[in-house]
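Engineer: Just so we're aligned: 554 in the numbering used here is position 150 of the sequence shown, and the numbers increase by one with no gaps anywhere.
Since the hints were made in silico from the structure, they are not lab data.
Treat the hints with caution; some may be incorrect.
Computed list of lysine-lysine pairs in DSS-like fashion (alpha-carbon distance at most 25 Å, straight line) [stated by the list, open to error]:
1. 421 - 578
2. 421 - 411
3. 593 - 576
4. 557 - 593
5. 557 - 592
6. 576 - 421
7. 607 - 592
8. 592 - 578
9. 592 - 576
10. 478 - 489
11. 525 - 642
12. 489 - 462
13. 525 - 462
14. 607 - 576
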Amino acid sequence: MNSFEIKIHDGPARLGKMGEMETPALIEYESIDFARDQPIPYNVPMEIAEWSVKETIKNARSSDSEYAVIHGGKYIDLRVKCAMKLESLGFRRLIIANGDELLTKPMDLVRLIVRIRESIKPNTLLCFPFSEASFVPLLAYIGVDLFTDAICKFYSYLNILMTPNHSYQLDKYKIYELEEAELRSYNKKTLDFVIREVREHIKSGTLRNLVEEKAATSPVNMTALRILDDEFQEYLQKYTRLY
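Using the sequences provided together with the hints, build the complete structure.
Structural biologist: Have a look at this one:
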């Protein structure tokens, strides 16, 4: 496994280097080698969430995979416990489970990522496997390092075109006529562009500007940014550059 080195911060966002790969980065979901986990829905009773974490950690103990999955459902303390235990087992690339549902719950999303990022080591990478392009700047700003192309395949199957700011159901918005494979490629290029854009803004110290611009694209995005500003100013200021 290549070691990870943080080059610069822009707020909590990290521009890093892992082998030849610069982060934040887009990786192929199908190429991820992750330890066998015990998936559960987001909103389950505590007993089921605890069982999921226990089984995930048990499976991870005997795994030599590079990635492991942070489970715990809607319970933030349990998620943090899972992340720290997986890290203690040697995992330095952690995947946040239930990402699709977290994107509809901005308060949970922000509180969870901040708590995990504050609890794990700086050289441990966080992966958010299922994100629309418009959310990538905010997620990177909070401290996510890796994104996957899983949404590109899923959206192409649903005939949804993804742009940096919006997603369009092509059955309704006749922007292009694309085959499923063409649409998947288009969506992946969109996601790749946004992540490259994020890296350049981190280098320039202007990621916050991009995050505020994207916040206007959806109520959930805007709500997440407001929660971040209202509840986690110390977290944001900790890595803010001084000029």
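Engineer: Each hint should be assessed against the structure and marked as holding or not.
Structural biologist: Going down the list of hints, with the structure as the test:
| no. | hint | result |
| --- | --- | --- |
| 1 | 421 - 578 | violated (40 Å) |
| 2 | 421 - 411 | holds (7 Å) |
| 3 | 593 - 576 | holds (22 Å) |
| 4 | 557 - 593 | holds (12 Å) |
| 5 | 557 - 592 | holds (8 Å) |
| 6 | 576 - 421 | violated (41 Å) |
| 7 | 607 - 592 | holds (23 Å) |
| 8 | 592 - 578 | holds (20 Å) |
| 9 | 592 - 576 | holds (21 Å) |
| 10 | 478 - 489 | holds (18 Å) |
| 11 | 525 - 642 | holds (15 Å) |
| 12 | 489 - 462 | holds (10 Å) |
| 13 | 525 - 462 | holds (21 Å) |
| 14 | 607 - 576 | violated (38 Å) |
The structure shown violates the earlier hints numbered 1, 6, 14.
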